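*Asks:* Chain by chain, the residues run as shown.
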Amino acid sequence: MTNKIRVATTSLAGCFGCHMSFLDIDERILELAEVVVFDRSPITDIEHCSTDCDIGLIEGGVCNSENVHTLREFRKSCKILVAVGACAINGGLPAMRNFIPLEECLNEAYINGIGVENAQIPNDPELPLLLDKVRPIHEVVKVDYFLPGCPPSADVFWKFLTDLIAGREPSLPYELVHYD
Amino acid sequence: MAKTIMIDGLSIPFEEGQTIMQAATDAGVYIPHLCHHPEFSPHGSCKLCTVKVNGRNCSACTFPAMEGQEVINNAKDLNADRQKITQMLFVEGNHFCPSCEKTGNCQLQAVAYHLNMLDDHFPLFYQHREMDASHADLLIDHNRCIFCTLCVRASHEHDGKEVFAISGRGINKHLIVNSESGLLKDTNISAMDKAAHICPTGAILIKHTAYQVPIGERIYDHQQIDQVSLNSEQVDHDK
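Taken in sequence, the protein lines are chains A and B.
Residue numbering for the first sequence follows the working numbering, beginning at -12 and increasing consecutively.
Residue numbering for the second sequence follows the working numbering, beginning at 56 and increasing consecutively.
In short, the hints are calculated from the structure, not lab data.
The structure displayed is predicted, hence computed values, not measured ones.
No residue lacks a Cβ here, since even glycine has one placed at the ideal position from N, Cα and C.
There may be inaccurate statements among the hints.
[As the list claims (entries may be wrong)] Derived pair list, reagent style DSS-like, types lysine-lysine, alpha-carbon separation capped at 27 angstroms:
| # | chain 1 | residue 1 | chain 2 | residue 2 |
| --- | --- | --- | --- | --- |
| 1 | A | LYS146 | B | LYS131 |
| 2 | B | LYS228 | A | LYS129 |
| 3 | B | LYS131 | A | LYS120 |
| 4 | A | LYS129 | B | LYS131 |
| 5 | A | LYS146 | B | LYS102 |
| 6 | A | LYS(-9) | A | LYS120 |
| 7 | B | LYS139 | A | LYS120 |
| 8 | B | LYS131 | B | LYS102 |
[Claimed, not checked] According to the in silico footprint, chain A covers these stretches of chain B (three or more CB under 8 angstroms from chain A):
| # | stretch |
| --- | --- |
| 9 | 147 to 154 |
| 10 | 161 to 171 |
[Claimed, not checked] To give a feel for the contact side, a few chain B residues facing chain A, derived at Cβ under 7 angstroms:
| # | residue |
| --- | --- |
| 11 | ASP174 |
| 12 | PHE177 |
| 13 | PRO178 |
| 14 | HIS183 |
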């Protein structure tokens, strides 16, 4: 148990599609579980990273203050940090709001939107503040590896993790590199 | 005896007046490129085809082949530079492949795949750029324009029209169309024009054709651009 590789995962401004794709490794997860233990992750519901995580998989870009804190916790706790999927790499779909001023986005969603009742912009102190623009994670912390794709296929996760766990420099062959 | 140049240690014949790119293509040697197209005069702007000629960096698409040249093309450092250039193209525009209908058929994406580009490396610009969907059969998404000028050259040299031009300099550079309103619908372009089909990215698209071929079955989903490019461009050159 103690010798197992610690993997933490999270989804920032993502859709959990990358996590779903990761789970598409199907029964290979049993093989993975022999050498890997999951730390902070939506899979375990553990809230904070142990200080000695080996691999951190980050899905999604950075769209609010909580994302920044989470990302920094992962960077601090994980020896190897991996940007997983289009949103973590270039902001992806959420970054398409970058071309519209934030105030306009909020007004459209919460004030002027069709069918909105009791129009008000949410301002509970519990809610993380939105950033002016959605950013890819490499603009906030150092990232060691990138797995492109929307989402990266299960085989991308498998190839990357098995390479890394076997002590090989991870590499993705042509068939596994897709941005869509 | 035919004159020859050496590319990566291979002896490549050439005809007087050919560029290094033309000689290489004829001989089945792929040099990565985006702004080059064998049917149009070379532009030399994307710099992806940068090769070392007798130790100095040159654009293969514009540099004339000359007897005895030693050309280095497929080298680790050159491909690393090409990857950086491609990353700069990605961060300068707004290239969101998952939401682009050109994905899988896009040469910018295919070159990036070929160079095993896994990230953008640089901070993204997120420049706000407009879309012109005014024309009934065509649209321009300026977010994806890389200023290769292929549409400019195709319209001028092939279609006998002057539909496109590049305006502005540096970061303010942008594609313009030839109409008083500045809209594509008021130009004389037609969906049959070469200029409408030449865009290497998803900047100029033919309407009503998206997703006829599903993602996963598109040109570069299973073939690398080096082979696709040689197959099509060797044929073009023989015309």
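*Asks:* To test your reading of the hints: which numbers does this structure violate?
*Replies:* 2, 3, 5, 6, 12
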